[in-house]
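*Asks:* As a plain string of letters, each chain reads:
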Amino acid sequence: MKAKNYRSLASRLSFWIAFLGALVFIGVLSTNYFLSQSLLKSHIEDMAESEATSAAREVETILNTIATNTDSLSSIIANTGIKGRQTHLVIKSFLEKNHDIFGMAVALEPNTLHKDEGEFSPYYYRKNGSLEYADLAADDYQYLKWDWYTKPKSLNQPVWSEPYKDTGGGNVLMTTYSTPIQTGPDKKFAGVATADIKLRQLIKIVKKINVSGAGLGLIVSSNDIIIAHPDESAIMQPLKSQIRGKTAEQKWAQYQDSKSSDSTVYSHIPCSYPGGYCWIAIESLSKTGWKIITLVPEQELLSKVNDLTAKISIIALTGLLVSLFVVVFITRYFTKPLSQLARATKDIGTGNLETAMPKPQRNDEIGSLTTDFSDMRDALKNYIEELQESTAKRQKLESEIQIAKDIQMSMVPGGGNISVNAGDHQLYSLLRPARSVGGDLYYFQLSEDGRLDFIIGDVSDKGVPAALFMAKTVTLYTRALKDKLSPGQSLTMMNDLLVENNDACMFVTTLCGVLDVSSGKLVMANAGHMYPIQKTADSTEELVIDGATALGLMEGVTYPDVSVQLEKNTALVMYTDGISEAFNSSGEQYSEERLIDFVGHEASSNAGHLGTRIMSDVDQFADVSEQSDDITLMVIFYGKGRSTPISQNLLLTSSCNECPKLYEFLEDFTVSHDMSDETLHDLKLIAEEIIANIINHAYNKVPDQKIEIIISANNRTIEVSFIDEAPACNPLESANNTDEKDLHEGGMGMPIIKSLTSTRKYQRIDNRNVLTITKHYNG
Amino acid sequence: MSLKIDVTSNHASEKRISMTGSLDSNTAPQLQEAINTEIGSNVQAFVLNFKQLEFLSSAGLRVIFKAKKLMDSRNGKFLLVNLQPQIKKVFDIIKALDGMNVFKNEEEMDEYLTAMQNKVLDGE
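If you read the protein sequences in the order shown, they are chains A and B. Counted the way this note's numbering counts, the first sequence spans residues 1 to 779. Counted the way this note's numbering counts, the second sequence spans residues 1 to 124.
So that you can see chain B by itself, here it is in the shape it has in the complex (with noise of 0.2 Å):
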């Protein structure tokens, strides 16, 4: 089974990652590539939307954390959403879930996207 890969943004400093497919050690080199390409200096929001994805082992988990690293260190977001329940069962036996931004759908995370948006506004 392969993995295919969808990039889509909303705002420039957006970037969300639909992962379709099994990532495991044969395709993760291709989402860390992907993720190479898409995470420029100005992405400060990084989405990986699970919805499609019906495989993922450690080998696609260390890519996974490798994005957020990279985020938490200019202070972006880092966001899940969409984690089906074999998905979830590999990142709760790591327990990685921990501090992560996880969300139930995009509507969730939409939400509060929009919410963050405003209060750096009102910040300003």
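Isolated chain A (complex conformation) (with noise of 0.2 Å):
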């Protein structure tokens, strides 16, 4: 049978174990991207804020070098007393020194620190590779108006100014950090020396910012105006054009009014950036007021953390699909055997036992069960090899011994179950073997003169040794009724010839007799047999027959004729074993005790009769247990009146298979009479006539019905009986009124049956359908 839902093995394993990596991976790869993400947020703090720093100091290292050269600057205007060219130079000196510095400028207060002296500001700043002079005092200019001018002069200390577009001569993006120069011991406001840096060397600090691959660091100056960004675009526009939003501008707040001089972090402030949130680390700038900010959109770090997943993913999955791969390959290798294993157990199931086993590939379970399998292949088609020969052998040797049974029971009178009526006298007698074949047996003979000869007995054994020296015994007694022997000079022929060559020393008993029927005088003689039963009107008891041995045990036995006068109305039952020792369910034995009480107590003396009471007593007492031994039975009734005519009878039932039966029984009783093969012949027709009509009409072709034939001749007429059980029928007068020649069933039957029979009388009697015919007959 198929499964409804059919999954190989392999693919149900690659299955689950292909589900199976794919939890554990996905469980992995999970853990993975969290635990990726928030070691990430935690470092990204710390990466930040150290960017931040890192990138304060290496602006504040510029600033301070700016501010000292200045300084010392202002200084040497203050206090050395050079003017005019001399001051070109110093200026001059300082800018070949620190290349930091874009250019650098003095501009003093007209009159104050030399007495004759007005607007004067040289400039000096780098182009191309050298230095270039710019007159600040020039009418073009006028630098007394200058915030880097006047800023330094009424806070009277150094200033950081805003990023501004120099129109001087740098015409670039610049910062300057103006210090005043003093004079005297009041420190008096004599001037300021300045230095511009461009803000092109803070934009090279702030794109060094990098946390971890991302993010960027931008400069703000204290009136939160961008000046240094790696976006140069960005320069100059307020720090809202990066960050902003509500939250951005309170943590903004929040961070100013702290006057934290220490880094600071916050994250998740809304910017400008994809995804739009950003960490921030802020660092404010002691002197400038500036602050360094280091900013990392979050969505780059986790588009980041979100590469590496992928990346993992691929690989995994990669992993996944080779492994699943691989298993599939495994599971298919090893349960291919299985496979076709089930396809030759399938194939064998359907009773092809030539179908070719799988051999077994590997020495695993599998393997073992290829081999069983085919072991037990082998042994199935061993055995229904044995099984076909010893079945055939069975069969042939069963028809012989059917074959062995008919003519076994060809062999006595009737096919081992007959009745035999004589006038007032009767005979009943019934063979059944306990197996196909037995070696019981009985026979008789009944001559016109009025005598019966007749034999029972008994071979030791059973089956067919037994069936064959029965055989044997019975033809011997058919040889001594030729010579006419009495029954003891039958007996002693039958033992000298049963001796001779009896290597298997079987034996048998008998009870041989022959009866008068006309005087009733009986002669009998017995070889080892059991004593007949007498039942006669007064007493039951054993008729003592003394005799001798069983015939074929000794040689030269002589066995005596022992004469009894039987008184009329007399019944002798002759017996063997299979009798007296039927064994019931219990394992008793039915006895001869129980045999002489139960004839004794029966009504009736007719052989028939009391023959099926006992058999019938017998069978109930024996119940469901098998019968152990043959059984024969024999039952003569001797009565009063004449022993003429002699009639047979024989049972048929109602089905048109007996014909062969009713011939044989014809043949038998015709050749007995010695009448022609035409009374023969004519017999057979009437017969088959008045069957075919009780069968087709009578029983309405129902069959197994009974149908009895009693025939008997008498001075040359034959009268012969038909009875059956059916309802009322007489076909004498159904077939009065029919068409000679009318095809329809019995049409032709009757007219056969009046022309060739002398007289027709039809009976009910007993509720049976009687009718008798005679016929003349000439010898």
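Treat the hints with care, since some could be wrong.
In silico DSS-like links for lysine-lysine, alpha-carbon gap of 30 Å or less [said to hold, decoys possible]: (1) B:66 to A:661; (2) B:95 to A:701; (3) B:104 to A:754; (4) B:89 to A:661; (5) A:761 to B:89; (6) A:472 to A:521; (7) B:88 to A:775; (8) A:706 to B:4; (9) A:97 to A:204; (10) B:4 to A:661; (11) B:51 to A:661; (12) B:119 to A:754; (13) A:701 to B:69; (14) A:761 to B:95; (15) A:640 to A:521; (16) A:754 to B:89; (17) A:153 to A:287; (18) A:701 to B:89; (19) A:92 to A:165; (20) A:287 to A:246; (21) A:754 to A:701.
No wet-lab data here; the hints were simulated from the structure.
These two chains come separately, so use the hints to put the complex back together.
*Replies:* Spelled out as structure tokens, the structure:
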């Protein structure tokens, strides 16, 4: 039977391994994702902070250098008293020494340091690798109005300017450090010394800021204007262009208020970068009020984690696919013999035992299973072959035994079950082997002169050997009959011949007798057999017939004739030990006593009736127990009246197959009465027509119904009665109106019967149809 | 006793059935079956040979009459040959031989069949 949802072992195994692998993979991957994310988050703050701090140091170093140099310049101008052309030289020498400085200037308050000097402001800056000069005191510049001059003047302390685009000479984005030149003990303002730094210089620094490969750095001035940014277009823009939203403003204000000099980190701040949120680290520069900001877009950072996760996924997925492929391959490889075995077994199941079994490939469970299946197939094949062989042998033997049984039964009169009436006298005999064939026997011959010869015997052993010995015994007895020997002479002769070459030491116990039905004179001889039971009107007892040992045992034994005069109405019951030793299910024997008792209590002495009553009592006693020995029973009833005519009867069933039995019966009858072939033919025709009529009309073709035929001959007249138990049906009446040439069934039978018989008589007796016909015959 | 049936055929249009044994209520169905098989629509002459038949009852007669009726209906020839005394007796009892083509032996019958054949040929 094929399973509803057939899936191979390989696919199931692969599925579950892949499923588990996928589960593990998903678990590991998500754990990795979240772990690396949180790890990154905790590190990012430190990183951003440290980046901001280190950038701040670098910027401060530069700024300090500028401030220090400028302060030195201021001090030199204030204290050395140099002026005019010398001032130019000092400025240039500072620039030559400090490459971080883009340009330097000195701007003097008119007539303060030197009374005779008006506006004076030489400015040197770098251009194409050399120093260029610009006079800031020129009419088109008017340095006294610029913030870099006015702011330190009013505050009287150094000032870093907001970034601006200089038009004085550099024409570049820059920021300027201006420190006042103070003279005298009262530190009177006498002008400023300045140094410019190109914003490009700061940009270089912020460009280096990098947090785990992400993010950027920027510098804002104290007025929140961006002065350095990797993207130059953002420079001079307000900080709001980078960080915006309420949260950002609040955080920014909070930071400004705290006046913290330490670096501070904020996370999840709205920003104008992909993803909209950034980490921010802020570091303030103490002197300038500038702030270095490290900005890391969250998305950029997470995208790194995602990239990592994606890479891991691809590797894991590839691994999973490879392992799945390997699993499928391996399970296929291992279960291949199983599928082959399954196919072969299915084939065997349909009866094809020649199916090639797969060869065991490996020494494992599957291998041994395959070997076992091959062995089983071979054993099955052998078994079936042996079975076929033995069945054929048995069938042959059975058919032979059946033939043997038929032959054996044909050797005894009536085929093993017969009733004979001779006037008031009757004989009933039955032979029932325990197996198909047996060793019991009976035989009788009723001569027209009123002499009844009979024999009953029991061969030692059962089955085929006994049957062969039985056949020999019966043959010898028929020879004795031909020689008209007395019972004693018969047994003596038979014994001598049976002893010869009897190497198997088989023997047969027999009772042999001859009854003169006209006088009741009985002569019997006994060869080791049980005595007959004699039932008279007054008593029932064993009739002692002394004899000698069983036939076949000893050479030269003489068997005496024992003469008995039978009273009228005497029944003689002879039997074999199959009856007296019949067992019931409790293991009890039927016993001779019980038989004698039963016979004594039977009212009827009619042979047929008494015989069937004894058999049914024995059968009832044995019940379900198997018949252990051959059974033979012979009952002879010696009546009082005339001994003729001698009649014989035959029991048939309502089937056309019985014809051969009927013909045989009639043939036996006509032969024993020396009737002609023509008479036999006529009798056969009459009987065939009448019985066909009974089967087709009286019994209406119902099978297995009884038909009895009683035939007798006396004074050249044959009388035959046909008896059936069907509802009343008179064939003589129904035939009268039938057209002779009518093709309907029975139409032609009656004319034939009429033309071949002398008289025809129909009677209804005891619910039975009895049709009696008579016919004359010539010898 | 059983019935043995032999079928011979000289022409496609002729069938001969020879019976051996006993034709009674037991064996009549056998003959009926043989006739059903052998009398095809092209059979114009049907011969029943009784030479070996030992016994015949009315059950057998019915089958024979049925076969005759069948041949009559197609204007075919229905011939009986070699009726033994005991068989003829059964036919006689019911006077069934009137109007039947009965031949003592096969030579006589063959002569008749040849004559019929020629007659048909001459007529054509």
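*Asks:* Taking only the CA atoms, is the gap from residue 66 (chain B) to residue 661 (chain A) under or equal to 30 Å?
*Replies:* Status holds; Cα separation ~28 Å.
*Asks:* Quick one, are residue 640 (chain A) and residue 521 (chain A) close enough, alpha carbons at most 30 Å?
*Replies:* 13 Å, holds
*Asks:* Does the structure keep residue 104 (chain B) and residue 754 (chain A) at a Cα separation of 30 Å or less?
*Replies:* 27 Å, holds
*Asks:* With a cut-off of 30 Å on the C-alpha distance, tell me whether residue 89 (chain B) and residue 661 (chain A) pass.
*Replies:* This hinted pair holds, its Cα atoms lying about 24 Å apart.
*Asks:* Quickly compare the C-alpha distance for residue 287 (chain A) and residue 246 (chain A) to 30 Å and report which way the hint goes.
*Replies:* 29 Å, holds
*Asks:* Taken at face value, is the distance from the CA of residue 89 (chain B) to the CA of residue 754 (chain A) at most 30 Å?
*Replies:* 13 Å, holds
*Asks:* For the pair we were handed, residue 88 (chain B) and residue 775 (chain A), check the Cα-Cα distance against 30 Å.
*Replies:* 20 Å, holds
*Asks:* Does residue 4 (chain B) pair with residue 661 (chain A) here, judged by a C-alpha cut-off of 30 Å?
*Replies:* 18 Å, holds
*Asks:* Decide if the proposed pair is consistent with the structure: residue 706 (chain A) and residue 4 (chain B), CA atoms, cutoff 30 Å inclusive.
*Replies:* Holds: residue 706 (chain A) and residue 4 (chain B) sit about 29 Å apart, inside 30 Å.
*Asks:* Holds or violated: residue 153 (chain A) with residue 287 (chain A), Cα cutoff 30 Å?
*Replies:* Holds, at about 18 Å.
*Asks:* Residue 754 (chain A) and residue 701 (chain A): Cα distance at most 30 Å?
*Replies:* 23 Å, holds
*Asks:* Holds or violated: residue 472 (chain A) and residue 521 (chain A), Cα atoms, limit 30 Å.
*Replies:* 29 Å, holds
In this structure, only the earlier hint numbered 12 is contradicted, and the remaining ones agree with it.
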